[in-house]
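Colleague: Knowing the structure of chain A, use the given hints to seat chain B with the ligands on it.
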Amino acid sequence: MAEIALAALPATKAPARRAGRRRLGRTGFLLTLPALLLMLALLIGPVLAVIIMSLTDYQLGAAEFAFIGLRNYAELFADKVFWKSLGNTLAYAAIVVPGSVALGLGIALLIQAGPGLRAFYRAVFFVPVMATLIAMAISWEFMLHAQFGLINLTLKALGLTPRAWLAEPDLVLPTLAVIGIWQLFGFNMVLFLAGLVSIPRTLYDAAAMDGARSALARFRLVTWPMLGPVTMFVVIISAIRSFQVFDTVHVLTKGGPSKSSEVLLYSMYSEGFEFFRSGLAAAIAVVFLGFVLVLTLVKARVIEKKVHYS
Amino acid sequence: MAEIALGEIHKRFGETIVLNGVSLEIGEGEFVALLGPSGCGKSTLLRIIAGLEQADSGTVRIGGRDMADLPPAARNLAMVFQSYALYPHLSVRANMMVPLRMRDLTGFERLPLIGALAPGRREKLAVMAARVEMAAETLKIGHLLDRKPGQLSGGQRQRVALGRAMVREPAAFLMDEPLSNLDAALRVHMRTEIAELHRALGATFVYVTHDQVEAMTMSSRIAVMLDGEIVQIGAPAEIYEDPRDLRVAEFIGSPRINVIEAVADAAGAPVAGHGATLGGRFAAAPGAALRVGIRPEHLALAEPARAPLAGRVRHRENLGAEMLLHVAVPGIATPVVARVAPQAARALGPEAQVGLVFDPADLRVFDANGRRVAALARPERSRAYG
Ligand SMILES: Nc1ncnc2c1ncn2[C@@H]1O[C@H](COP(=O)(O)OP(=O)(O)OP(=O)(O)O)[C@@H](O)[C@H]1O
Ligand SMILES: [Mg+2]
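For the protein sequence lines, the chains are A and B, in the order given. Residues in the first sequence are numbered consecutively from 721, following our numbering. Residues in the second sequence are numbered consecutively from 214, following our numbering.
Keep in mind that a hint or two might mislead.
What the hints assert, rightly or not - Partner residues aside, some chain A positions facing chain B, computed with beta carbon under 10 Å:
{"hint": "1", "residue": "783"}
{"hint": "2", "residue": "798"}
{"hint": "3", "residue": "800"}
{"hint": "4", "residue": "804"}
{"hint": "5", "residue": "806"}
{"hint": "6", "residue": "914"}
{"hint": "7", "residue": "918"}
{"hint": "8", "residue": "920"}
{"hint": "9", "residue": "922"}
{"hint": "10", "residue": "923"}
{"hint": "11", "residue": "942"}
Treat the hints as calculated values from the structure; they're not laboratory data. Every residue, glycine too, gets a C-beta built ideally from N, C-alpha and C.
Extracted from the complex, chain A is given alone in its bound form (with noise of 0.2 Å):
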């Protein structure tokens, strides 16, 4: 209100309307201080908790600890679980993020592309996201398993090989992975469906009086750029959400067999609350973050001023 007025009044009255100005700034850092004090509460404060107990030698239940500086890092760094850990993660990432977003975009199309019951498959779909995944996963352990599981049953009935499919090291991870799509690609497809419903339909009247003729021409041509910033967004969210892999690797292999499914997360729970080596597991933990701190940076900074058109 003081700036509107101020502002009517000539320029010599400069000094007041710095005033003014300056009076506006704390009004707007008073306005946003209880999001920030929430900020610092509930965000800040527990990342800066665990930086620091990354630093100590904390214990879960000890009474006092000691600050042991980098110490939990070079245990870490040495230590050739965690850097097993990390590699079946990016593995795990490295399936899980292509394969959730190209059925979540495969699926998005061909229920845009359909004549009906859009509704009825969209839901469908979105079940294994809403879904309790700690039971789901125990759906997947009965159909995995290795003597009476409805997908060896089925290979049998085919007159192929059945697999222990969480028993055999090589095979355990891809295994996971394809549970872990089955869990993903319904939350992609419903963002790809909301991507692909606000790209203009004129674009697509252009492309086909340009030349389009296929399918696969239109969807080079205005499909698949149109939907940049989705694809940019849903990369990046099924990134975070393979790196927070943990459900299934507790309940159907422990990271098992021997550290062949063993994940991040899974690590850091068992270091904090099987072995009760709290400052190590926060260095687990300032690692993830580190890794979604980088994915998120390069979502903010990096794509998307490729991806967004203006």
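Modeller: Here is chain B with the ligands on its own, set in the frame of chain A:
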């Protein structure tokens, strides 16, 4: 370049009949405006010509060839959309290149990265780039070629859309209200530019608009569309001077034509509600209800006692070069609007009593259904009132 022939096109969306037997012949190199109020089916007709929409029945022939079941890409037409429909992720240059790439490059050559391995692709691209440059030169957008559409003004986007349509040398240009998103000054400017473009290219233009000024100033012929039918086709002057239907007479011309309810007397002359004989003789049975149209510029001020129309001035609109007088004539429901010279009207006080005279040859008479009633024995201008 080609002629376009539409035969008995019918189209309905669900229950609504949008096109009800539209037939239209557009000659090679002609500029035809499809003019009609909002929702009369202009865009639908244009999209049917383009192949973006399928007619329920009827034929579309372009250059003598039946277009049934041919996809838009195979019809070699270019369309300019109201919203421009530029690809936002592509530069102006790339936007204008798209129709050429789609037509002249094979699917393999269009592939990213490995497409570059195709022999001869580089030469083809150079030829295309040259054509884009040339079109850009014509439209004076050469300096914008490396920008994205988001960084252009409305008028510049409009030019890019025109450029994208031009590069391919299509059989005909289809334009759907291409100027309606521009401000008034720019619209006037682009009007001349598009008309010039038409002259320079000599191509067939089909131009959809609901703006009669655009249609009157740019086109060689106007097709007036009302409620899914083409009511009249003709040169702009013909449509204005000689409307076949009351709806056409009312749609064309601003301010609107005055319509006076009348009844034919024994000689076929219309007698207005207040008892004055309006003059002329028309092919109407005695006692038939008539609707007499007279354009505001055909009315002149006169002594109230001698004039067939007389009443009080209710409202004056000074447009600078001319003045619009709204005159309430007793016995006629709506005020009669006259377009007169400001000098003549300045002397009049508010609520002044004025008379309005006209030449009976300027009357356009319609029957109760709005169909034009022919004049019998056109009266000589010299023998007219005033
Ligand atoms: N896809 C569609 N589904 C249903 N009805 C439609 C569709 N497209 C157009 N219509 C209807 O058809 C009629 C004619 O539409 P059209 O777009 O051809 O009008 P128009 O003359 O171009 O109008 P405007 O000047 O407002 O663009 C309208 O009543 C419209 O509601
Ligand atoms: Mg329209």
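Colleague: Now tell me, hint by hint, if it's right for this structure.
Modeller: Each hint, compared with the structure:
no.: 1; hint: 783; verdict: violated, 61 Å
no.: 2; hint: 798; verdict: violated, 42 Å
no.: 3; hint: 800; verdict: violated, 39 Å
no.: 4; hint: 804; verdict: violated, 35 Å
no.: 5; hint: 806; verdict: violated, 32 Å
no.: 6; hint: 914; verdict: violated, 18 Å
no.: 7; hint: 918; verdict: violated, 12 Å
no.: 8; hint: 920; verdict: holds, 7 Å
no.: 9; hint: 922; verdict: holds, 4 Å
no.: 10; hint: 923; verdict: holds, 6 Å
no.: 11; hint: 942; verdict: holds, 7 Å
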